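Enquirer: Sequence order for the protein chains is W and F. Position one of the first sequence corresponds to residue 3 (our numbering), numbered consecutively onward. Position one of the second sequence corresponds to residue 205 (our numbering), numbered consecutively onward.
Hint data in this document are derived by calculation from the structure and do not stem from the laboratory. Mixed in with the good hints there might be a few duds.
[As the list claims (entries may be wrong)] Derived CB-CB ranges, DEER-like:
hint	chain 1	residue 1	chain 2	residue 2	range
1	F	P336	W	E695	21 to 27 Å
2	F	P337	W	Q307	53 to 59 Å
3	F	S308	W	A59	38 to 44 Å
4	F	P337	W	T694	42 to 48 Å
5	F	S267	W	I649	55 to 61 Å
6	F	A293	W	E216	54 to 60 Å
7	W	E695	F	E312	34 to 40 Å
8	F	T278	W	E613	29 to 35 Å
Quantities reported herein were computed from a predicted structural model and do not represent experimental measurements. C-beta: ideal position from N, C-alpha, C; glycine also.
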Amino acid sequence: MTDSPDTRRSFLKTWIAGAGACLLLAACAPQDSASEQAAEVALDFSAQAEAGAVAYATNCAACHGAELEGTILGPLLIGQSFVQRWGTQTPALLLGNIQSNMPPGGAGNMTDEDYLNIVAHMLAMNGVDSVSSALTRASDFVIAENISRIVALRRPPEPPAPQGLTVAGNTEDFVPFTPLTAEMLRDPDPADWPMHRRNFFGHSYSPLDEINTENVANLNLEWVWNMHEGDSEPAPLVYGGIVYLINPGNVIQALDGKTGELIWEHWAGPANRQDMRNIAMYNDKIIQATTDARLVALDARTGEQVWETVIADNSKGFANSSGPIVADGMVISGLAGCARYIPEDCFVSAYDADNGELLWQFETIAEAGQPGGDTWGGLDDLFRAGGETWITGSYDPELRLTYWGTAQQKPWVPVSRHMTINDVGLFTNATIAVNVDSGELDWYFQHVPAEALDLDEVFERVLIDRGEEKFVYSIGKHGILWKNDRVTGEFSGFTETVFQNTFTHIDPETGAVTYREDIQNAQLDEWTSACPSSAGGKDWHSMTYHPPSGLIVAPLSQTCLENAAREVALVQGGGGLAASRKFFEMPGTDGNLGKVGAYHADTLEEVWAHEQRASLHTGTISTAGGLVFVGDLDRRFKAFDVNTGEILWETRLGTSVQGHPVSFAIDGKQYIAVTTALGGTSPRTVPGVIATEITYPRWGNAIYVFSLPEGLN
Amino acid sequence: MPARSLAWILSAVLLAAPLLVSAQTENFRARLSPMPTTPQTVDSITGEGEVLLSLEGNMLTVSGTFEGMSTVATVAHLHNGPPAQPGPAVHQLVVTAATGGELSGEIELTDEQVDALRANSLYVQIHSEGNPPGELRGWIFPRSQ
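If we strip away everything but chain W, and leave its shape as in the complex, we get (with noise of 0.2 Å):
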């Protein structure tokens, strides 16, 4: 049954009938009734405030800061940050998400009226100051409209945020520049890592071989560059000698690859802390995604703007955390932000990468009377969300097909999404394969139809080539490594990387999965023990493919997680995410959280593994020199031998690291470089709550890059 806006309405005129009753209760009880107290204290904004500070303190703070200003478990909830938001939102809506949401692990024994004291104290805390009646569930007015300052009443006067470019400089002062056209990107040069995960098929692979297993030991550092403070996962590219690097808060820095040198840098905006993963380059041009849904083109030699457009509308939610992918010369690029209950959807969408003109929109989520609008149990379309594109996709020039990933139907458990089971959800956590020149829907595969437990199938498709076979793999949060023909989507074979219990059969000849009978009829605060986690037997961290022996080596993570649904209204703007969320080491494992494994492309068998304490938090890259590289929580870079999984070399760097290694080449010498980071989501703050014994910096972004000494080569 679900909870109609009528019987919404309904509630809460009895909320506020039962409110004016205390009024009138306070008028005539004794002064010491606690009933009156609490009366007088819903009275009152200031007031209600003051006791949310008690509130947010106790349920809070752990993960947010005692300040609002955030920490390694959670966002910080002040400042520009915020007002960027929440500003043009109501305190209703926020009250709605913070009750669905927080804390993770459950609300306790929260009631109404601490949720509605914490979002007072929030909004204290952001300097509003034009209300006094007390907050109540339906109060509707634009939180930003009653700020008088924002950020000044509170905090000292910050300077204006640079925007623009703020360094000004010619990587052809360094190196002769020579557009990359999609020739060159489709068999890039050895020397190059010339877009996220090198090669349209997202192999992760260098052709490169000075650095190999002979003399990997002998790997020195080279130059050392600090990046921009915030969350951060960035995957640098590499072309003609010149580092290309996302920082946080959208700004992109051009360094000279020999020496470390910084040429230009630029500001796109908002000049927030937030994390873009990835950026990508196309002809003369980089092309960045912006976490408030934009796409930006730079000169890749002078970091000018060329062109600008708008992806989505970031007032409505959408962002973006991950950048595009150029495939002859569209820019197509995914959406994130999509779990509110609004009539705009997710989709994948392609921009002509010369003046950013948008070409065509893929929808993830299929509305009432189109192909697949029939799975999602007659929901109004109103509330059909989730099917973010959140992470990357691949391309095959010669099929034309765009493949990415797509996240889960939102809120995460089906009870809370008012759906059943057997309400699928077309086209979420599925690969989709998307015709680049028309923009639409040639084949998809549903890894985890209706899925219940946090655990999207949305990270990255590698494309293989396996005789005349044409492969696509994929490994989802369930760790579980799927293979599909990626002509028409035909399932071909799976592999458990790491353990699960989530299903009790998955069907070796269709790979239709079958949820465990207590997942399956999983009811509001009911608690679901799990494995993997939502920290994902993988997660972002991209794989690698290594042609020379054929094997898949990927980052994988071993936690589980008690997972409860929560009652989310089905109410425009209202939606989110809805579970509480506890959890701990994967049985078996011995307290490894992480696990780099090597799978057959042929066979899917493991065909070695290395498990270790620290979580892995790099994507793994192979080179052709037989080796293996990937970082960790514990501030470990570490280089395997790709066919036997024995760790050739590793040292220790200033942070936990975290991003995406690259290999390049300059004047025919290689580098190995790979990025230390901070922030991220259940990747992060996953092993935070489980292996509390690592320790590490809580600033410290940085590019680190390594070469073998003069002779050793």
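Starting from the structure of chain W, add chain F where the hints point.
Expert: Relative to the frame of chain W, chain F by itself:
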């Protein structure tokens, strides 16, 4: 049969007896780690430990240590549930009433419980004053020696 041959066979049997018993002993281990936790509870659900178990016939010998719990241990149990899925307590263990110490037990398992043990479907759980539902937990898996 000549007496000398009989004596030889008897001594061979006697010599082999410990080996036969040893071959029938199955060894298991559980790593104890904190119960499901969140950023809010990570400082109040703490500790670690190790439990070694040996099975001879249906007799299970349990011997373990733990340390670093947030509050004093109150009771420890053997539970029945597949990996990562909580289930009912089936036997009680002896546990030191402290934040660290030892736990032990000599338990006769039913045939079904022996099957559960071999299927990784038994686990150890220590409860504490601060965490009555449990503070440390570890599933039991075979070990090579």
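Enquirer: Against this structure, judge whether each hint is valid.
Expert: Each hint tested on the structure:
no. : hint                           : result
1   : F:P336 with W:E695: 21 to 27 Å : 26 Å, holds
2   : F:P337 with W:Q307: 53 to 59 Å : 57 Å, holds
3   : F:S308 with W:A59: 38 to 44 Å  : 42 Å, holds
4   : F:P337 with W:T694: 42 to 48 Å : 20 Å, violated
5   : F:S267 with W:I649: 55 to 61 Å : 34 Å, violated
6   : F:A293 with W:E216: 54 to 60 Å : 56 Å, holds
7   : W:E695 with F:E312: 34 to 40 Å : 38 Å, holds
8   : F:T278 with W:E613: 29 to 35 Å : 33 Å, holds
Hint compliance for this structure: hints 4, 5 are broken, all remaining hints hold.
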